[in-house]
Each structure stands twice: as C-alpha cells, then as structure tokens.
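A.B. asks: So you can see what is in the structure, the chains are spelled out below.
There are 2 protein chains.
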Amino acid sequence: MFTTKELLEKVNRYIADWDYSREPKGLYEPIRYVLSLGGKRIRPVLMLMAYNLYKEEVDSVLPVAVGLETYHNYTLLHDDLMDKADMRRNKPTVHKVWNENTAILSGDTMLVLAYQQMCRIDNPVLLKKVLDIFTEMALEIGEGQQYDMEFETRDDVTEEEYIEMIRLKTSVLLASALKIGALLGGASDKEACLLYDYGVQVGLAFQLQDDYLDVYGDPAVFGKKIGGDILCNKKTYMLINALLLADDRQRAELKRWIDAREYEPQEKIQAVTALYDQIGIRELCDKKITAYFEKAGECLNALEVDDCRKQMLREFIGSLIHRNV
Amino acid sequence: MFTTKELLEKVNRYIADWDYSREPKGLYEPIRYVLSLGGKRIRPVLMLMAYNLYKEEVDSVLPVAVGLETYHNYTLLHDDLMDKADMRRNKPTVHKVWNENTAILSGDTMLVLAYQQMCRIDNPVLLKKVLDIFTEMALEIGEGQQYDMEFETRDDVTEEEYIEMIRLKTSVLLASALKIGALLGGASDKEACLLYDYGVQVGLAFQLQDDYLDVYGDPAVFGKKIGGDILCNKKTYMLINALLLADDRQRAELKRWIDAREYEPQEKIQAVTALYDQIGIRELCDKKITAYFEKAGECLNALEVDDCRKQMLREFIGSLIHRNV
Chain A
1 MFTTKELLEK VNRYIADWDY SREPKGLYEP IRYVLSLGGK RIRPVLMLMA YNLYKEEVDS
61 VLPVAVGLET YHNYTLLHDD LMDKADMRRN KPTVHKVWNE NTAILSGDTM LVLAYQQMCR
121 IDNPVLLKKV LDIFTEMALE IGEGQQYDME FETRDDVTEE EYIEMIRLKT SVLLASALKI
181 GALLGGASDK EACLLYDYGV QVGLAFQLQD DYLDVYGDPA VFGKKIGGDI LCNKKTYMLI
241 NALLLADDRQ RAELKRWIDA REYEPQEKIQ AVTALYDQIG IRELCDKKIT AYFEKAGECL
301 NALEVDDCRK QMLREFIGSL IHRNV
Chain B
1 MFTTKELLEK VNRYIADWDY SREPKGLYEP IRYVLSLGGK RIRPVLMLMA YNLYKEEVDS
61 VLPVAVGLET YHNYTLLHDD LMDKADMRRN KPTVHKVWNE NTAILSGDTM LVLAYQQMCR
121 IDNPVLLKKV LDIFTEMALE IGEGQQYDME FETRDDVTEE EYIEMIRLKT SVLLASALKI
181 GALLGGASDK EACLLYDYGV QVGLAFQLQD DYLDVYGDPA VFGKKIGGDI LCNKKTYMLI
241 NALLLADDRQ RAELKRWIDA REYEPQEKIQ AVTALYDQIG IRELCDKKIT AYFEKAGECL
301 NALEVDDCRK QMLREFIGSL IHRNV
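Chains as they are written, first to last, in our numbering: chain A, 1 to 325; chain B, 1 to 325.
Just so you know, these hints were derived from the structure itself, not from any lab. Computed from a predicted model, the values in this text were never measured in an experiment. Please note that the accuracy of each hint is not assured.
Pairs involving identical chains hold if they fit within one copy or between any two copies, as the list cannot separate such chains.
Result set (DSS-like, lysine-lysine): computed pairs, CA atoms no more than 27 Å apart in a straight line [as the list claims (entries may be wrong)]: (1) K84 with K25; (2) K295 with K40; (3) K84 with K96; (4) K268 with K84; (5) K128 with K55; (6) K224 with K84; (7) K234 with K25; (8) K84 with K128; (9) K225 with K255; (10) K55 with K288; (11) K96 with K25; (12) K55 with K96; (13) K234 with K224.
Please model the entire structure based on the sequences and the hints provided.
C.D. replies: This is the structure in structure tokens:
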C-alpha cells in the first residue's frame, strides 16, 4: 500500500512526463498549462486509494487515474470560461492567457484525452464497465453545471434541489473515481457501490463545508475571500435555510440585503452573517456536514476489507473535516 | 442491402425516437434542436453503407451510426459558436436561440452522448478497436479546427498545409465512419483501411469542391452565397495557388484586393474570379478534384467485395461530383 503522498507523487510524475508532442502547439499548450497548475489531485488519488484496498501495485492503472484528473481539469477550464473567472490556482485562466475559442477547443480536446486514457484499460469487460460509469458521470456533471447556472436566476430553489445539484456537480466525480478504482482492483459490485456511496457523502460534506467556510472560514486558511457567496446572493444550503427558518423580521432584513443594489461589501457580509447566527444556520450547517461525514464513515465500515487498509480513506475524511472549521 | 434512402430513413427515425427525457430540459433541448435540424446524415449513412458491404441487417449498429452523427453535430455547434455564425441549415444557431454558455455545455454533453452511443457495441474486442479509431479521429478533428483558426491570421499557408488541414477537419470523420462500419461488419483490417483511404480521398475532393463552388457555383443550387471565401480572403486551395502561379502584375492586383479595406463586394468577387480564370485556377482545381475522386474510385476497386455491392458507394461519389459543377 502506498501513502497519500506517494500516490500524489505518482500522479504528478505521470502528468509531468506526459507526451505533449502532438501538434498544433496552440491546441495542446493550454492543456499542458492547465494540467501543470497542480492542485490536490484528489480524484486520481482517491481512485488509486480505492484500487489499493484490493491490489498492491498501482502503476498499471495510472493512465485511468490521470484520465479522471484530465476530465476534472476540463470541467474547470470550461466552467471558468462560462463563469468568466479570471484566475484559477493563482494563475490566469486559459481564456485570459489565450482566448475564448482556445478555451472551448482545448477543453473539448481534454475531454477526448480523458476518454483516451480511460480506454487504456486492457481487460475488455472492465473497460466496458468503467466507460459506462465514466459516461454516466460526465452526463451528470454537465447536468449539475446546468442546474447551477439556472439556479442563479431563480429565487425558489429548495434545499432538496440544491443538494441534488451539488451531488451532480461535485459528488459523482469523487464517487465514480472510487468506484472505478475499486472495480479495477477486483472488488465486487457491492464493495464498489459502497465506495461510490462513500464518495457521494464525502462530496456533499465537502461542498457544504465549502459553503460554510465561505462564511465562517479563516481567510488565511480558506484561500478564497470570505463572504463571496453572500455578496452574490448564491443560493447555498445556508441562504436557502436562512430564508426558510427566519422569523418575519429576520426574513425582511435578509431580503433587504439580497435586493440591495448599493452597499458596503463588508457591511453586507457582517449583517448577513449575523442573521445566519441568529437564525441558527451555523449549527444547522455544522450538523449537516457532520451527518454526511458520519454516513461516509458508515459506508467505509461496511467494506469487507482489513480495517488497517481503510485507514488512508479515513485519514482523507479527517483531512477534509479539519481543513479549517 | 438497403438503399441510401432506406438507410437515411433509419437514421432519421432513430434520432426522432431518441429518448430525451433526461433533465434539465435547458441542457437537453438544445441537443434535440440541433439533431432535429436534419441535414444529409452523410456520416452515419456512409458508416451503414460500409457495414452493409459485409452484413445485411443494420439495425444493431444504428446507435453507433447515430453516435457519429451526434459527434458531427457537436462539432458544428461548437464551430458555429467559435465562428460566431448566426445560422445553420436556415435556422438560428444554439448560441443565438439560447446563449453562449448553453452552446458550450450542450455541445460538451453531445460529445459525451456520442461516446455513450459508441459504447453500445457489444463485442468487447470491436468496442476497443472502434473507440481507439473514434478517439484518434476526435483529436485530429480538433487539430484541424485549430489549424483552420490559426490560418486566418497567417499569410504564408502552403498548399500542403491547407490539404492537411482539410484532411483533419473534413476527411477523417468520413474515413473513420467508413472504417468503423466495415470493422463492425466483419471486414478485415486491410479492407477497413481501404475504405478509410476512400473516405479521405472523397473528403478532400468534397472540401475542394466546396471551395470551387464558392467561386464557380450556381447560387440557386449551392445553397450558400457565392464569393464568401473571396470576401474574407480565406486561404483556400484556390487562393494559395493563385498567389503562387500568378505573374507579377496578377499577384499585385490580387494582393491589392486582399488588402483593400473599402470596396464593393460584387466588384471584389468579380475581379478575383477573373484573376483566377486568367491564372488557370479553375482548371487546376477541377483537375485536383477529379484526381481525388479517381483515387477514391481506385480504393473502391481494390475492395474484395462483389462489384454490385460497391454500387451504392460509387453512386455516392457520383452524387457528390454532380452537385453543381
């Protein structure tokens, strides 16, 4: 079994050694750029961890792991273009360094490259199985992104709809990475599905925590500006529940801030945070996150694998829980 | 064996019956819209024709044929967005009916749906083989589109580079459709490669003829405005060779029209066409097209299939040759 650090190194080395000799450079250089920006490589590492629960060596499935990372980075590239985001991992985004057409076309090519990597599975039965999971995942992630964009112009998004959106947009990639890793490692369908469920719960917890940290995080640790979601009235789990659970006075004040056209940003952030505190949103969100992490833990417990082998996945939950709260 | 008309009907029926029940509608409705606009369905029909050379029934491989059509329509959707084209098949393009983000995301989902259709091949060995051809094709088409965009801002494009660009952008899709159809029908690798080469030659002839008809076509038959390439100085086979073969006076006049900022469109079209006539570009292009069609015919001759079975592919060449010239 490899440590998280060793798996991360393997992924990074594979990406660094990747052959980008295809032409034209104008198409492939943005792809090399995006993949070289780093990041935590959570998805390929999770896939390799799940594989490592059942098989020792991991080098033979590295192409598949990097296929998942390539897919993830393609979604970031196109999402950043759609969101008109200027920066990603402290570097200018592809449509800023190059242009919008390059961002479209290089992203498209990354999606094809992701499939190319997935197709490097030798066992034809596993290949078919993995491709079906990967394709369903890619459809769902597109659906999640579409819901996310549609929610921006709706003011009646329910908690259920929000959770479904983040399940699609965030969870199914983690879940599919784990399931694919398990199947490649020879796990039974039952085991693979437990790991999928584990990934879903971790993903939901992870995304809710991201929403939470956007309000209550330590700016020095969080890495993003605090209050961004509040300023753009993003319909997060927190805002949806605040509007639902507020008394009339609180709801009126919250709506006043949501509709306000001119305001001091810091003043809005402080006022809405104070309302969240009064309404009990902090505890509510905290409890929900814990509940998802606990469900994730239960999935892990149910796996028929030596407990010591599950330790790395447990530590992974741990490292996510204690990011900042 | 089915007639071209029967194959076309099968493809259109399959597309019309396709289940678009996935949500959200905002993502899948643009896909239904694009696929319902029709067109000649050349790629799926070619695939089925190649399949039909070796096997009688075609229904079992219809998903793969429609996967190729889905792929082709995804490229049109994204290319139209990149080219800022307002119309396609006499209907407004997706980014006009909806918006640019929808065009990006629905296009991405079409690429995934194309892979989903390809994955419906039951035989695992054929699945792997077809996916490798499809993926290489998709990479090459992206490369062709990138070259096409890069050529717009270059004035030193050679004939060789232009032919390579249209091979990538137009030919490999026709060629791959034929090769995939042949392999699914049980053809040998040698036969499949002959059909691939046939597709490459037909594609090159087809694209050169498109360039030719843009200058010499009958507007009533061609369907597009005559002279579009001349007005935007597109580096076609014709312009590249005109600049190469012109005498000093002709080259100076051609360059004057290329650099002109203000002019009467019809005047420019007439002047450049007259220069092409003088330089002998019409005959040159005509000969080149005929040469590609002849090479295509030779590939067909070499196939080890009863001659009567090749008739439909011959007629297909015929219908392309006599579009208008």
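A.B. asks: Each hint needs a verdict: does it hold in this structure or not?
C.D. replies: Do the hints match the structure? See the list:
Proximity of K84 and K25 under a CA criterion of 27 Å is satisfied in both settings, with 24 Å inside one chain copy and 24 Å between copies. Taking the shortest Cα distances, K295 and K40 sit within 27 Å of each other inside one copy (24 Å), while across copies they are farther apart (53 Å). Taking the closest pair of Cα atoms, K84 and K96 come within 27 Å of each other both inside a single copy (9 Å) and across two copies (19 Å). For the identical chains of this complex, K268 and K84 are intra-copy neighbours only, at 24 Å inside a copy versus 40 Å across copies, given an alpha-carbon limit of 27 Å.
Proximity of K128 to K55 under the C-alpha cut-off of 27 Å is found in both arrangements, the shortest distances being 20 Å within a copy and 24 Å between copies. Proximity of K224 and K84 under a CA criterion of 27 Å is satisfied intra-copy only: 17 Å inside one chain copy versus 35 Å between copies. Within a single copy, K234 and K25 get their C-alpha atoms only as close as 38 Å, which misses the 27 Å cut-off; across copies the closest is 22 Å, which meets it. Proximity of K84 to K128 under the C-alpha cut-off of 27 Å is found in neither arrangement, the shortest distances being 36 Å within a copy and 38 Å between copies.
In this assembly of identical chains, K225 and K255 lie within 27 Å of each other by CA distance solely inside one copy; the values are 23 Å within and 54 Å between copies. Taking the shortest Cα distances, K55 and K288 never come within 27 Å of each other, neither inside one copy (34 Å) nor across copies (58 Å). For the identical chains of this complex, K96 and K25 are intra-copy neighbours only, at 17 Å inside a copy versus 31 Å across copies, given an alpha-carbon limit of 27 Å. Taking identical chains as interchangeable, the C-alpha atoms of K55 and K96 are never at most 27 Å apart, the minima being 43 Å within one chain and 51 Å between chains.
Taking identical chains as interchangeable, the C-alpha atoms of K234 and K224 lie at most 27 Å apart only when both belong to the same chain, with a minimum of 15 Å there against 46 Å between chains.
When each numbered hint is compared with the structure, violations occur for hints 8, 10, 12.
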